[in-house]
Amino acid sequence: MATKAKATKRIRRRISGTTIYLLLSIGALISIAPYLMTLNAAFKPQSTLLSTQAWSPAIPSTWSNFTQLWQQYDMSGFIVHTTIVAGIITAGQLVFTTLAAYAFARLDFPGREPLFWAFIAMMMVPQIVTLIPLFLIMSHLNLIDTYRALILPYVFGTPYGIFLVRQYFQTIPADLEAAARIDGAGTWGILRRIMLPLSKPILATLATITFVNTWNSLLWPLMATNSQRDEVVTVGVAALQGQFASELHILLPAAAVALLPLIGIFLLFQRHIVRSIALTGLK
Amino acid sequence: MFRRTKKTLALATVAASAAGLTTACGSSSGSSGGVVDLTYMIWQTSEEAAYQQSIDVFEKANPDIHVTIDLVPWAQYWAKLQTSAAGRDMPDVFWDHLEYLPQLAKEGIITNIASDAKSSGIDLSQYSPKLLAEWENGSTLYGLPKDWDTIETIYNTKDLTTAGITPAQLGSLSWNLSDGGSFVQALQKLTVDDNGKHPNQAGFDAGHVKQYGIALEAPNGQQDWWNFGVQNGCELQNKAYGTWTVNSAACVQAMQFEQDLMYKWHVAAPGTITNTPNAASLPQILAQNTAAITFDGDWDLDTYESSLPTGSWGVTELPTGPKGSGTVYNGLTDAIYAGTKHPTQAWALEQWLGSAASEKIVTDTGTVWAAIPSLDSGFIAAWKAKGIDVSAFYQGSQGSTIGYPLTTSGTAFTNVVLKDMNQVWLNQMTPLQAANDITSVSNAAVASGD
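Going line by line, the protein sequences match chains V and C. With my numbering as the guide, the letters of the first sequence map in order to residues 42 to 324. With my numbering as the guide, the letters of the second sequence map in order to residues 1468 to 1917.
There's no promise every hint is true.
Stated by the list, open to error - Partial list, derived from the structure: chain V residues whose beta carbon lies under 8 Å from chain C:
# : residue
1 : M165
2 : Q168
3 : L172
4 : I185
5 : N267
6 : A279
7 : Q282
No lab work stands behind these hints, which were simulated from the structure alone. Beta carbons are placed, not taken as given, at the ideal position from N, Cα and C, and that holds for glycine.
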């Protein structure tokens, strides 16, 4: 009797396990299907791209779309420009966000709380609202169509990033800091030797989010740049879409190529991101 | 400890100033070393190469002017233009569309070139008079015409052969409001359900159609019901810059005819297949054989050519309606930013782009029809070399046409048309309801805009 009940339980557990994995697989398939179809279509010759269904495999397949992408369009240029912009913004945000978050989390100064909440309130302002004022500022500074126009608005950190890191800093016990102070450490020393080593997961998360957001950002680079000199990958890819006719055979491989660095970055920092989410409950 | 702090500080400073230092190259548009930089903004990737060819010639003749083409996709083009207008930092010369002309002119951000054209001795009579008239308003002219386009029938050759219809027959069909005419008869032959039955045969299953006779798709009507409209005597407005008359009997009948093609005759793909903006593009619908024919503009010729084998598709004339033949006729100009820092050079570029020499370069590549009619044979020849007879577009432009509506209420009209007509093509709204709504919303926008 007892062994039978045990067996039923085991079977039940196995079924529920199977169901969970089945559901997860379906979810994964739905999320990954558009990317797989993009990649698949990137290898289709132009003559079969529109006449076959998106999910039918690319047979015969061809590299010609990719060679055309590099010969007719400045794909390497797009990627280099985007890497410069995203790299500088990410580095800048790591530095300035850490400083601001530490100040908001640990330093005592008058007006800290109102200042913090006013800053956080900026998260509620949609980007589109600040678009024209930002364009006006950059235009008056004579910075339109330069890298600086792309970098300056975002390099000093975003409310979201500062909030993220501040919340994390607050979970680090104040006693650690007190102990360090007794040992003679100053504010800089505490930040560098106590806070930063303990905050690697959240900083990796911030770096990934910033890099991915900058890489994917379209609206501001589109408004702020006018020439190939500083054209980023989103603007370059979007330009392949016409009013009615789109160069799909170039657009799809371009989108696939533009995706690769992001997948690389994610794989690199994946462990930290999962850990930071587990630790802070933030996403 | 102090030394370490200093080091950290230095590190932070270096990182911060990296932003400033590494980006100190790059400069904004202007003049350097006596050479003036102009920006020319366009929205069509497929036309960039031909315009670059033309600009190369211009730069050779004007070594003190350098032109950068800024290609911005249509979806963001007008947003970018409005933003840069607000920032008083617009491209010097840019493509202009009739849908946006009235608003741009009203805001005073594009240049009235009427007097420049006169003093430079430009022969405006070389342009198609119909095209020029759309861009002229009294004593104003907001750009030299650069091209035109019309809508014609594109067909799948194999489907025609199977149905026993020749391209010549397809090009001489007519429709009417009572029995649909020879146009509906031909489409019945071209429509096949899963069992091989046609819509006029007993047992036809409208729910399982393998191939529709026709697919019609347009966000505002340019490629579908405006064409039936002009063939039925419909006028969208009482006059240019006037009030909307979309709910006139002739216009409502045109919409009704298109809805009947879908739900009465079952020969046209329903809105579930063709409603914009999410539908497959018309070349895709034709390439996948969802439909045998379609109405489309000459700007899509490139896409048909690249996605269908040569000889498997062709172009012929639209059917005629109760009031005869007709098509939508539209064209673009190059506008000059009113606040450009280099008006002389911008005018030189404008003159070049509107000249017969430049339009010939672009037209002879088969990129667009030229605004100067004497050059249009070059477009036909370019496509003949590729094995396609595109002369139907030219025939259409010579017949009776309907132009793009001219109004400052363009945005309101475009939005309400998209919303209501999608309902009509889903058979969830009657054409009369839609027409009344479109007319009242658009006229309210006209009234509030003045």
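How the hints compare with the structure:
A hinted interface residue such as V/M165 counts as satisfied when its beta carbon comes closer than 8 Å to some beta carbon of chain C; here the least separation is about 22 Å, so the hint is violated. Taken as an interface hint, V/Q168 does not check out: its beta carbon lies about 12 Å from the nearest beta carbon of chain C, beyond 8 Å. With a least beta-carbon distance of about 6 Å to chain C, the hint placing V/L172 at the interface is held under the 8 Å criterion. The closest approach between the C-beta of V/I185 and any C-beta of chain C is roughly 5 Å, which is under the 8 Å cut-off, so the hint is satisfied.
A cut of 8 Å between beta carbons decides the hint on V/N267: the least distance to chain C is about 5 Å, and the hint holds. Satisfaction of the interface hint for V/A279 is found here, the shortest Cβ-Cβ separation to chain C being roughly 5 Å, below the 8 Å cut-off. Against a cut-off of 8 Å between C-beta atoms, the interface hint on V/Q282 holds, since the closest Cβ of chain C lies about 5 Å away.
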